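*Asks:* Protein chains in written order, with the working numbering: chain A, 1 to 131; chain B, 1001 to 1294.
These are computed hints drawn from the structure, not numbers from a lab.
Treat the hints loosely; a few may be bogus.
[What the hints assert, rightly or not] Below, simulated DMTMM-like cross-link-like pairs (lysine to aspartate or glutamate); rule was C-alpha separation at most 25 Å, straight line: (1) LYS1175/B with GLU1145/B; (2) LYS1120/B with GLU49/A; (3) LYS1118/B with GLU116/A; (4) LYS1120/B with ASP115/A.
[To be verified] These stretches of chain B come out as covered by chain A in the derived footprint (C-beta under 8 Å, 3 or more residues): (5) 1094-1104; (6) 1127-1133.
All of these numbers come straight from a predicted model, not from anything done at the bench.
All residues carry an ideal CB built from backbone N, CA and C; glycine is no exception.
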Amino acid sequence: MRITQGTFSYLPDLTDEQIGAQIQYALDNGWAISLERTDDPHPRNAYWEMVGLPFFDLHDAAAVLGEVRAARTAHPDEYIKLNAYDARLGRQTTALSFIIGRPANEPGFVLDRTDESDRVIRYTLRRAAAR
Amino acid sequence: MAGDEVLLDLDAAFRDSQVGEVLAKLDRELIGLAPVKARIREIADLLLIDKLRAQVGLNTEPPPLHMSFTGPPGTGKTTVASRMAEILHRLGYIRKGHLVTATRDDLVGQYIGHTAPKTKEVLKRAMGGVLLIDEAYYLYKPENERDYGAEAIEILLQVMENQRADLVVIFAGYKDRMETFFASNPGLRSRVAIHVDFPDYSAGELLEIALLMLERLNYAFTPGARAAFAEYIDLRLNQPQFANARSIRNALDRARLRQATRLFARGGMVSADQLKLLEADDIRKSRVFAAVRG
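Starting from the given sequences, assemble the full structure and let the hints guide the process.
*Replies:* Here is the structure:
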C-alpha cells in the first residue's frame, strides 16, 4: 500500500528534479531544511528520527539533493521525508514537508477489531509486519 | 554560402550578459593590477564564446573553471574572486554567484572522522557559488603523514571533478608556496586550469589606493599629509611584513586614531572640515618614521 502524507500527498512521487526545485524554493525563502526517517509511518507517529543535522546557510539545492540521495542509499527500507522550517517570527512552523524516500515493499496497516462490553466494537490501526 | 549561416551578434551577447558592468566595476574598485584585469577579461571572453558556441550547437565540454590566484597578501585576491563569482553567475556557469571563503581551519578537523563532515559542510555552503580557499598550501603538510589535510584535499578533488556544474573552487596564496603545493598534488594541478598571478603594487598605486579608501571613509588628506603619506609608503615598502593594500588600510586606521586624539587634546569647538581632514602630523607620528629618525 503506497502511503502518502505531507504537502504533496495527492501527487505521485516527485522526481529528483522536482524535489530540487522545491528545495530551491525553500532555500530562497530562507527556510531551514532537514531530513527525517522512520520505519513506522503511522499518521499518529509524529516522532521521526533525524537524518543528520538540519542544513543551515545553504544557497543552492544541489547541496541538499546530495544529502537526499545519500539518505536514500543509507536507509533503503525506511520512509524518509524532507521538512522545511520557516523560522520567521509569527510563523515558526514547518512550511513544507513531503516524503522523498520509501521502501520498495510497503506493508501498510492492519485494522484490528476488538469486541468490548455492551456490543461496543473498537477499531485500531496497527502497522503491518514487513514480510 | 553565407546566406544560410547563422550569425550571432557578439556585442549584443556581451551586453546581454551584463559582464561589462562587472568588469567596469572591477576597473573602478581596484587600482592597478593591469595584468590581472586583462586575464579576467580574457577568461570572460572565453566563457562568453563558449556559451555562444553552445547556442549554435557546437557542443563542447564545459570549460574547466577551477582557478588559482597567486600573489602577495593584500593584492585584492578576495575582491577579484568575488567579482569572478559575479561574472560566472552572469554568464550562467554557476547558479547563485556567492563567494564562500575558507581556510585550513574550516576544512580540516582535529581528530579522525572529523575532517570529512567539516569539508563537506563548507562545500555544501559553497554549492551554486565560488569557494575560495585562502592559503591553500596549509592543507597539505608533507612532513606529517597523519595530517588530515590530505583527506580534505581528496574530498575537494572528488567534488571538483564530479560536481563541476555546482561549484567553482579558487585556490589562493603566495606564488612560490602554491607552486610546491601543486607540484606535490598532481591531481589538483591537472584540475586547476586557470592561473592568475597578482603583482605587488607600486608606491604610486598604493597612494591612489589610500586616497580611494579615504574617500570611501569620508576623510581627506591635507596637502602636507598627502606628501607625508607618500613618504610613509616609501619607507613602509622596505620594511618586513608589508601586506600591500591591507597595510595601507591599517596605516589609515591608525592615522584616524591619532586625528581623534589630536582633536580631543585640543578641545573646544570643532568644524566639519577639521573632523574630515587628516594632517601631516597624524601621519608623521607613525613608528615607521620613528625608525628613520632614531
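*Asks:* Please list, smallest to largest, the hint numbers that this structure does not respect.
*Replies:* Numbers 3 and 4 - these are the hints that the structure violates, sorted from lowest upward.
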